[in-house]
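Going down the list, the protein sequences come from chains A and B.
Position 43 (the first sequence) corresponds to 43 in my numbering; numbering is contiguous.
Position 116 (the second sequence) corresponds to 116 in my numbering; numbering is contiguous.
Errors might be hidden in some of the hints.
Stated by the list, open to error - Here are the computed distance ranges between Cβ atoms for each label pair:
id, chain 1, residue 1, chain 2, residue 2, range
1, A, THR85, B, ASP81, 58 to 64 Å
2, A, VAL91, B, ARG115, 48 to 54 Å
3, B, GLY148, A, THR85, 26 to 32 Å
4, A, PRO31, B, GLY77, 53 to 59 Å
5, B, ALA269, A, PRO60, 53 to 59 Å
6, B, GLY257, A, LYS28, 22 to 28 Å
By construction, these hints were calculated from the structure, which means they are not laboratory data.
For clarity, every value in this text was computed on a predicted model and none was experimentally measured.
Each residue gets a CB set at the ideal place from its N, CA and C atoms; glycine is no exception.
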Amino acid sequence: MRVSRMSVLIVAVCSLAAVASRAADPPKADPRQVKRGEYMVSVMGCDDCHTNKDMGPDGPELDMKHRLSGHLEAMVMPPAPALPTGPWAIVVAPTLTAWHGPWGTSFTRNLTPDKETGLGDWTEQNFIDTIRTGRRLGKGRVLLPPMPIPAFKNLTDEDLKAIFAYLRTLPAVKNKVPEPLPPGAPADTPARAQVQAAAK
Amino acid sequence: MPGLAPLKLLLALALGGALSLAAAGPSPAPPGLLSKTGLYADMATKRVDPKNLSYSPQYPLWSDGAHKRRWVYLPAGRRIDAARQDDWVFPVGTRFWKEFTFDTRVETRYIEKVRPGAWRFATYVWNADESDALLAPERGLKNNHDLGDGIRHDIPGVLDCRTCHEGQGSEVILGFSALQLSPDRDAMAPHAETLEPGMITLTTLVSQNRIAAASPTWRDTPPRIAAETPRARAALGYLHGNCGGCHRAGDTLASVGMFLRHSLATTTADDEPGMVTTSGAPSKYAVPGVVGEPTYRIKAGDPDRSALVFRMSSRNPLTQMPPLGTKLVDRDALALIKQWIRDDLK
Chain A
1 MRVSRMSVLI
11 VAVCSLAAVA
21 SRAADPPKAD
31 PRQVKRGEYM
41 VSVMGCDDCH
51 TNKDMGPDGP
61 ELDMKHRLSG
71 HLEAMVMPPA
81 PALPTGPWAI
91 VVAPTLTAWH
101 GPWGTSFTRN
111 LTPDKETGLG
121 DWTEQNFIDT
131 IRTGRRLGKG
141 RVLLPPMPIP
151 AFKNLTDEDL
161 KAIFAYLRTL
171 PAVKNKVPEP
181 LPPGAPADTP
191 ARAQVQAAAK
Chain B
1 MPGLAPLKLL
11 LALALGGALS
21 LAAAGPSPAP
31 PGLLSKTGLY
41 ADMATKRVDP
51 KNLSYSPQYP
61 LWSDGAHKRR
71 WVYLPAGRRI
81 DAARQDDWVF
91 PVGTRFWKEF
101 TFDTRVETRY
111 IEKVRPGAWR
121 FATYVWNADE
131 SDALLAPERG
141 LKNNHDLGDG
151 IRHDIPGVLD
161 CRTCHEGQGS
171 EVILGFSALQ
181 LSPDRDAMAP
191 HAETLEPGMI
201 TLTTLVSQNR
211 IAAASPTWRD
221 TPPRIAAETP
231 RARAALGYLH
241 GNCGGCHRAG
251 DTLASVGMFL
261 RHSLATTTAD
271 DEPGMVTTSG
281 APSKYAVPGV
291 VGEPTYRIKA
301 GDPDRSALVF
311 RMSSRNPLTQ
321 MPPLGTKLVD
331 RDALALIKQW
341 IRDDLK
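Based on the provided sequences and hints, a complete structural model is requested.
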């Protein structure tokens, strides 16, 4: 059987494509590490703040379509109410994804591997550095309350790697969380404008 | 054999001691007084020990207008390893000091290489009569010195030092490099300092054989940033000195993909990382007034819609860049950067 030049070319191109594809694929995660990460995420309560809630018949339920993607950009928050002087100091959205206190207003971040709005560009070391130092990427702005950095910074590297490995397995959710607001920020800030534009 | 038991015990103790020394993590605490760090030959007159070399980077870091003086001690007979031209490796025992003066001497920061790959950070707070400076607490001192208008200078904690100075695969020293010490100094550099008599430069270090693997071109063609205009050179140099410590390839923030650190391997203006990774590059950061359209790190011709300018012009701790170390906007540099973006970038 004569093999046509076109057939040889097609096979060659397909082979090259297969090799290139394997070279571009990230290394597969260790299933035991991912399992450990899944366990850690479940016991540490990451969903409590980083997953939106829908109101169900029995109260708030995790919005699994947007799991661990943080405060939904479509959920535009009005200015936080001013509290009277006294021991009550913090207000929070019912989703637990937007918090306001003496530090200003913080919105829980998108932990999914979305490249544009989540942790898709982050390396494992970026994640470890962030938790260990309490600064974004280990060098940027400080992480705000209620992120329990004083406790989480004590996690071992092994556990942080496991958590990160598990987060990488989640569906990427495109959700641009607003930037935090400083104390006394006016109602119309860049963050709110961005959120309102996205909600249109 | 019973006679060997004491010897064995002695050996065990000696080995155990040696092992514990080798395994020791933290180094001994730095001296409690600046006068004990070896900077001064005479603390009363502030005469610096001549074995400590004075220098000035051509692109100084903005520190809220502080007047700064710097010195380095290189152990006798030891040389800086410049095999990696952008990442010098210093010998163990190297020490750096940087003195900050506002209306008075406020602090002197100190970095010492205590063993391979390990540096010690400390800062000393000057007393009222400037007779000496005391070691600051490890967590630093907030609001230590009045800068006017209700703004007060913070003395950094050790973690603050490590935030800027530590990364992956690089030594911790910033502002002491082939470019920063090049005698081909940029006259347009914001807050350019005078090269005073006696200050060392790259040329003097090479001439005195204090650098191993020095490039043969450094003596005759000292490094400078290639740029299309003097203003662009100054702008890129400023970004190198103030931002490139963190925003650099091959280090912790490589994933961000914005590289503001000049590399000696870059010889043409078109390849300058501070240009390639900023102008027209998308930004994930929200810029005021930019709604419903893409945001760019630098939008050529439009500084007010450039994320880099927005963050440089803010001293909100949640927004500002650099993220720590200053409480006042560097207005001179901001004006330069905005003019560069508006008039030089197309």
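Results of checking the hints against the structure:
Range check, THR85 (chain A) to ASP81 (chain B): Cβ separation about 60 Å, and the 58 to 64 Å hint holds. The hint said 48 to 54 Å for the Cβ distance between VAL91 (chain A) and ARG115 (chain B), and at roughly 50 Å that hint holds. Taking 26 to 32 Å as the suggested C-beta distance range, the pair GLY148 (chain B) and THR85 (chain A) conforms, at roughly 30 Å. Range check, PRO31 (chain A) to GLY77 (chain B): Cβ separation about 54 Å, and the 53 to 59 Å hint holds.
Range check, ALA269 (chain B) to PRO60 (chain A): about 56 Å between beta-carbon atoms, so the 53 to 59 Å window is met. Between GLY257 (chain B) and LYS28 (chain A) the beta carbon distance is about 25 Å. The supplied range of 22 to 28 Å therefore holds.
When held up to the earlier numbered hints, the structure conflicts with none and fits them all.
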